[in-house]
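Each residue of the sequence shown is one higher than the last, beginning at 26 in the numbering used here.
No wet-lab data here; the hints were simulated from the structure.
Possibly wrong hints are sitting among the right ones.
Now the in silico label distances, taken between C-beta atoms and shown as ranges [to be verified]:
{"id": "1", "residue 1": "259", "residue 2": "191", "range": "24 to 34 angstroms"}
{"id": "2", "residue 1": "76", "residue 2": "49", "range": "18 to 28 angstroms"}
{"id": "3", "residue 1": "400", "residue 2": "253", "range": "25 to 35 angstroms"}
{"id": "4", "residue 1": "193", "residue 2": "317", "range": "30 to 40 angstroms"}
{"id": "5", "residue 1": "59", "residue 2": "400", "range": "23 to 33 angstroms"}
{"id": "6", "residue 1": "128", "residue 2": "77", "range": "38 to 48 angstroms"}
{"id": "7", "residue 1": "43", "residue 2": "312", "range": "34 to 44 angstroms"}
{"id": "8", "residue 1": "191", "residue 2": "109", "range": "40 to 50 angstroms"}
Note that beta-carbon positions come from the ideal geometry of N, C-alpha and C, so glycine has one too.
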Amino acid sequence: MTSNTSAEWFARALHVTSGGVNSPARSFRAVGGDPPVVMARGEGPYLIDVAGQRYIDYLAAFGPLVLGHGHPRVVEAIRTQALQGTVIGTPTPSEIELAEELTASITGLDMVRLTSTGTEAVMSAIRLARAYTGRPLVVKFEGTYHGHSDAVLVKAGSGASTVGTADSLGIPTGVTGDVISLPYNDLDRLSEVMRRVGDQVACVLTEPIVGNMGIVPPEPGYLAGVKEITHAHGALLIFDEVITAFRFHYGTAAELLGVIPDLYVLGKIIGGGLPAGAYGGRRAIMEYVAPLGGMFQAGTFAGNPLSSAAGLATLRVLKEESPYARMDRLADRLATGILATADQFRIPVTLNRAGSGFTVFFGPRRVTDYETAQQADATRFARFHRLMLERGVYLAPSRFEAWFVSAQHTDAEIDRTLTAVHDAFSMLQAE
Numbered sequence: 026m027t028s029n030t031s032a033e034w035f036a037r038a039l040h041v042t043s044g045g046v047n048s049p050a051r052s053f054r055a056v057g058g059d060p061p062v063v064m065a066r067g068e069g070p071y072l073i074d075v076a077g078q079r080y081i082d083y084l085a086a087f088g089p090l091v092l093g094h095g096h097p098r099v100v101e102a103i104r105t106q107a108l109q110g111t112v113i114g115t116p117t118p119s120e121i122e123l124a125e126e127l128t129a130s131i132t133g134l135d136m137v138r139l140t141s142t143g144t145e146a147v148m149s150a151i152r153l154a155r156a157y158t159g160r161p162l163v164v165k166f167e168g169t170y171h172g173h174s175d176a177v178l179v180k181a182g183s184g185a186s187t188v189g190t191a192d193s194l195g196i197p198t199g200v201t202g203d204v205i206s207l208p209y210n211d212l213d214r215l216s217e218v219m220r221r222v223g224d225q226v227a228c229v230l231t232e233p234i235v236g237n238m239g240i241v242p243p244e245p246g247y248l249a250g251v252k253e254i255t256h257a258h259g260a261l262l263i264f265d266e267v268i269t270a271f272r273f274h275y276g277t278a279a280e281l282l283g284v285i286p287d288l289y290v291l292g293k294i295i296g297g298g299l300p301a302g303a304y305g306g307r308r309a310i311m312e313y314v315a316p317l318g319g320m321f322q323a324g325t326f327a328g329n330p331l332s333s334a335a336g337l338a339t340l341r342v343l344k345e346e347s348p349y350a351r352m353d354r355l356a357d358r359l360a361t362g363i364l365a366t367a368d369q370f371r372i373p374v375t376l377n378r379a380g381s382g383f384t385v386f387f388g389p390r391r392v393t394d395y396e397t398a399q400q401a402d403a404t405r406f407a408r409f410h411r412l413m414l415e416r417g418v419y420l421a422p423s424r425f426e427a428w429f430v431s432a433q434h435t436d437a438e439i440d441r442t443l444t445a446v447h448d449a450f451s452m453l454q455a456e
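Could you put the whole structure together from the sequences, leaning on the hints where they help?
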C-alpha cells in the first residue's frame, strides 16, 4: 500500500497501534485531535513530512537533538559502530568511554550505570535509594515527569492527605501508598511532610529545572532548601536531569544552580538521538548496585554500543564547539520577539526560559508550579499550534512542553519563526 499524506499514514497506524502512536506525547489530542504529522526525515533544524513539507523543528525529539538532525560526526559514529556490531552482550569500549566522559564532566557523579531509557534509570535510582536507606517512601512533585514506571505516575492525594492517587490505570494501591506528590517550589509543604514522615522517606526526586509542565525554573533558594530538608531527615536527593543535562552548558543544571544531588538520572542528549539513560552518583551509594551489591538491575541493551557511540560523539562536539552561547542568544531573541508580538496584539502570554529551552503559556499569570501551569489557556494554545504548523513551524503538541533551539538553528530560522508568530497572533486577535 502506498501512502503519500500524513492522514493516510495515520489511518494505517490506527489499525495496528493504540491510538495510532507509540507514545501519547506524539498524539494531537491535546491540540484539537487532528491526525498528527507523520515525518519522513529530519535535516539539521528541519523536519520533512511524508508529503515533502518542511518545518522548522523546535521539538528536537522532545529534547535529545541538541545538535539537530543528522550531525555528520554523530552519523559517522553510528555507521562505524554498526559495522562493528549493533549489540554485543559484553562490555564494549564505547560504553566505557561514555561512562568515563560522564563521570569526568559531572560534579558528584563518581560512578554511573547506563540503561536504555530514562524511565528505566529513574525506576532504578528509586530502587537504589530504597536499598541504601532501607526506607520505603518516595517524595516527588506535581507536574514533574520521570517516565512511566508505577511509582512516578502517582499524583497528589486530596486535602491534607500525604497518600497519593494513581495517575494511570493499572497501578496497585500498594504503590500509591508509598509515594507522596507535593507542589513544586513550595518548601513549606515539603518541610511539613518531612517532619511527619521523613524518617520513612528514601528519596526526594525532582527535576532541578522542570521541563514537563513547561519550563519552570526553581525559585531562588528552593533547591538548596530541598537538599537541606532532605538530608536533615536522612533521605537521598535525586535530580532527574534527563532533559537538562548538557542542554544549557557542558554539564548538569545542578552544577549551574550550585546544588549537587546524591544521585543523578540522565538521558536524551547522552544518547545522541538513540535510546539511552543512566543513573549514578556517590561511590558509596552506587556500590549497592549488582554485581557489587544487592540492588539488582540489568538490561540486554544497557550501554548499547550504538547509543554509546552516538552519545559520545555528541558530547565531544558539544565540548569542542561549545554552541551554548549561540543557542542561548537565538533562544533569547526568539523569546523576546514572541513576547513583543504578544504585547503588540494584546494577547496575554507568559514565557519561562532556561538557556536554549522555553515555554509559552497563554495567560497573564507567572508559572511557578503545576497549578499555575494548568491555568494556561489550552484552547488558545491549540489554535496557536495549528497556525504555526500551517506556517511551517513544528512545536510539541502540548502546552506543557518546551521549545528547543538546537545548534543547527540560525538567525534565518528565527526570522521565519517570528514572522509566523506575528501572523498567528494577528489571527488569534481577530478571533
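Within 38 to 48 angstroms or not, the Cβ separation of residue 128 and residue 77? 44 angstroms, holds
Please test the hint of 23 to 33 angstroms on the beta carbon pair from residue 59 and residue 400. Once the Cβ atoms are compared, 25 angstroms apart, the range 23 to 33 angstroms for residue 400 and residue 59 holds.
Pairwise beta carbon distance, residue 259 to residue 191, judged against the given window 24 to 34 angstroms: Given range 24 to 34 angstroms: holds, Cβ gap about 28 angstroms.
Verdict for residue 400, residue 253 (Cβ pair) under range 25 to 35 angstroms: Because 30 angstroms falls inside the window, the suggested range holds.
Just to be sure I understand the hint, the distance between the Cβ atoms of residue 76 and residue 49 should be within 18 to 28 angstroms; is that true here? 24 angstroms, holds
Hint says 34 to 44 angstroms; check whether the CB-CB distance for residue 43 and residue 312 agrees. 41 angstroms, holds
Distance restraint evaluation - residue 191, residue 109, Cβ atoms, bounds 40 to 50 angstroms: 44 angstroms, holds
Could you check the hint for me, namely that residue 193 and residue 317 are 30 to 40 angstroms apart, CB to CB? 34 angstroms, holds
Violated hints for the displayed structure: none, as all numbered hints are satisfied.
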